[in-house]
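For this one, chain G is given, so just place chain Z on it according to the hints.
Top line first, the protein sequences correspond to chains G and Z.
Each residue of the first sequence is one higher than the one before, starting from 1 at the first, in the numbering used here.
Each residue of the second sequence is one higher than the one before, starting from 1 at the first, in the numbering used here.
It cannot be assumed that every hint is accurate.
To give a feel for the contact side, a few chain G residues facing chain Z, derived at Cβ under 10 Å [said to hold, decoys possible]:
{"hint": "1", "residue": "V8"}
{"hint": "2", "residue": "I19"}
{"hint": "3", "residue": "E21"}
{"hint": "4", "residue": "A29"}
{"hint": "5", "residue": "Q40"}
{"hint": "6", "residue": "L41"}
{"hint": "7", "residue": "I49"}
{"hint": "8", "residue": "M52"}
{"hint": "9", "residue": "S54"}
{"hint": "10", "residue": "V67"}
{"hint": "11", "residue": "N71"}
{"hint": "12", "residue": "G86"}
{"hint": "13", "residue": "F88"}
{"hint": "14", "residue": "V90"}
{"hint": "15", "residue": "V93"}
Which chain Z residues stay away from chain G? Per the calculated CB distances, all over 10 Å, these [what the hints assert, rightly or not]:
{"hint": "16", "residue": "L7"}
{"hint": "17", "residue": "F53"}
{"hint": "18", "residue": "K60"}
{"hint": "19", "residue": "E294"}
{"hint": "20", "residue": "L342"}
{"hint": "21", "residue": "S484"}
Honestly, the hints are just simulated from the structure, not real lab data.
Where a beta carbon is used, it is the ideal one built from N, C-alpha and C, also for glycine.
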Amino acid sequence: MPIDEKIVKKIATLSRITISENEITKLSAELNSIIKWVEQLNEIDTTEILPMTSSVNNTLYLRKDVVSDGNIVDDILLNAPMTEDGFFLVPKVIE
Amino acid sequence: MIDIKNLNLKQIRDGLQNKSFTALEITESYLGEIDKAKELNAFITVTSDKAIFMAKESDKRISRNESRDLEGIPISIKDLYCTKNIKTTAGSKILKNFIPTYESTITNNLWSDGCVMLGKLNNDEFAMGSSNETSYFGPSINPWKRKNEDTPLVPGGSSGGSAVAVSGSLSAATTATDTGGSIRQPASFTGTVGIKATYGRCSRWGVVAFASSLDQAGPITKTVVDSAIMLRSMAGFDSKDSTSIDLPVPNYETNINKNIKGKRIGIPKEYKIKGLDSDIENNWVDGINWLKSEGAEIIDISLPHTKYALPAYYIIAPAEASSNLARYDGVRYGERVHRKDLDQMYSDSRSDGFGEEVRRRILMGTYVLSAGYYDAYYLKAQKIRKLISNDFDNAFNIVDAILTPTTPTTAFNVGKKFDDPVTMYLNDMLTVPVNMAGLPAISIPSGFDKDGLPMGLQLIGKRFGEDNLFSLASVIEDCRGTFSNPTQWWIEK
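Extracted from the complex, chain G is given alone in its bound form:
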């Protein structure tokens, strides 16, 4: 199914990326060229194949449940564009 302009707008919204009206046609063409190319994967029958989820056989290990970090509020806020009284500041969300 081709990625039409409506779908481009939808995925841009889902991605939280603003795109201008005049970019939509170009993006739609580019994404379609990629999708058309990846569709060659359908040449392979994969009904019996289990998807690969990890490239190494590794059992996740458990770490000791201890506090190893903390009291670094200043570090955490250092790169924030706006802060106040030890909090991140965002535009008002509740009127």
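Relative to chain G, chain Z alone:
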């Protein structure tokens, strides 16, 4: 000033230990060269003061006979590795002022072994690119040029700055990362050695994430032994990375020039792709003959799903990227575009902060993960990935390593127009399958094409078989003969 152009990392290590020069002298020599090489645009940040401070500390240790393994060796770091109190941009506008308050595990390992930091290196934005041209800070330029031509060439990507800094003798070694070929392709384009370690060998902690199931680190160096020395310091188990593997790291240096008699080398027929440059194909035959002359057994093999690796990669990598890059929301870190509405603030910050290629991949990733398309694309790609990995597993039942070219062509012109994104992606055709399977692979400079540009051969190993790769790579390095440095046109003109 020391003639650093003709020194590699091992020689610098020896020179420092023999007291032929001090860490401060060698560091100042590199800083001098970096200053003269602005045209190469290899560095995003030069950390001169820190370099001088660290070099003086190393000299103190050397004088007290307390040298660590890499004491006083000046290196540079891809700007994807977080470095404490030093700006880390990932080549992106959205992180142009980001100052990490922590240090990546790998760089921490290198500093603990005594390395001196010269600066942070240019790369494609969030490591998404094959030419270093998607960097917000402009492309890094390849030190190599075609014979009798002045056209600037790309160094490859995404670790373009890392390759340029070694090839142009601006650092003894550099760190890099590889998601689909981002260490090996630039190494091949610049006549340097680049190894991508086995997935899980080097910690990903503190390295800006692109596609977490594919990302892996490695060094870029002038020689194979330098690569072995660097990887030993970088690699190792890290409890902060849940995909890190708890295996001892061998002293890879002991594998250099080891006898390779009886080693079985696979030559996959599927890598003779359409569009493979004829000089590169001939060089591949040279490589086969070199290994054969040292006693290796050459075996023709088949990796039947090779051609599907790249399209599957361009589903999986953008999918993971779209998820990883969701964190750049203009709230906790990164640039913000101020808006009254929260959603508008998110969208405008991301739109303004991300470049064209990154935006395209986020959109692509969001599409393949979105409701109704997940099974058709993402799940399908993960199944194909399994088939690619099985191909390698089957091959490694009969061979010890696989030899292929690293790239289908040598370096191309800066600003070369590709008809569409897919043509650019084809650059990674011979490197991507390795990432899909999580295997280690090394690119070794192996000759020059008719235009005088470096070519590279790729050796692919079994999981955690880096030691074996170093043995075979050192044979290729020996057989190919001395490899000249590029003319320093950025100084001499």
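Here is what the structure says about each hint:
Because the beta carbon of V8(G) sits about 7 Å from the nearest beta carbon in chain Z, less than 10 Å, this interface hint is met. Against a cut-off of 10 Å between C-beta atoms, the interface hint on I19(G) holds, since the closest Cβ of chain Z lies about 7 Å away. For E21(G), the interface hint is violated, the least distance from its beta-carbon to any beta-carbon of chain Z being 13 Å, above 10 Å. Interface restraint check: A29(G) against chain Z, minimum CB-CB distance 8 Å, threshold 10 Å, status holds.
Given the 10 Å rule on beta carbons, the hint for Q40(G) holds: about 6 Å separates it from the nearest Cβ of chain Z. Hint status for L41(G) relative to chain Z: holds, with the closest Cβ pair at about 6 Å, below 10 Å. At its closest, the beta carbon of I49(G) sits 4 Å from a beta carbon of chain Z; the interface hint therefore holds under the 10 Å criterion. For M52(G), the interface hint holds, the least distance from its beta-carbon to any beta-carbon of chain Z being 4 Å, beneath 10 Å.
Annotation: interface hint on S54(G) holds; nearest CB of chain Z at approximately 7 Å, less than 10 Å. This hint is violated: V67(G) has a C-beta 15 Å from the nearest C-beta of chain Z, more than the 10 Å allowed. The criterion of a C-beta within 10 Å of any C-beta in chain Z is not met by N71(G), whose closest approach is roughly 13 Å, and the hint is violated. Checking G86(G) against chain Z: minimum C-beta separation of about 13 Å lies over 10 Å; hint violated.
A distance limit of 10 Å between C-beta atoms decides the matter here; for F88(G) the minimum to chain Z is near 5 Å, and the interface restraint holds. The interface hint given for V90(G) is met, as the beta carbon of that residue sits about 6 Å from the closest beta carbon of chain Z, less than 10 Å. A cut of 10 Å between beta carbons decides the hint on V93(G): the least distance to chain Z is about 5 Å, and the hint holds. Its beta-carbon lying about 37 Å from the closest one in chain G, L7(Z) satisfies the requirement of being farther than 10 Å from that chain.
No beta-carbon of chain G comes within 10 Å of the beta-carbon of F53(Z); the shortest separation is about 22 Å. Listed as a non-interface residue, K60(Z) keeps its Cβ farther than 10 Å from every Cβ of chain G; the least gap is roughly 30 Å. For E294(Z), the requirement that its beta carbon stay farther than 10 Å from each beta carbon of chain G is met, with the minimum near 31 Å. At the 10 Å boundary, the C-beta of L342(Z) falls inside the reach of chain G, the nearest C-beta of that chain being 5 Å off.
The beta carbon of S484(Z) sits about 37 Å from the closest Cβ of chain G, which is more than 10 Å, so the claim that it is off the interface holds.
The structure is inconsistent with the numbered hints 3, 10, 11, 12 and 20, although it conforms to all the rest.
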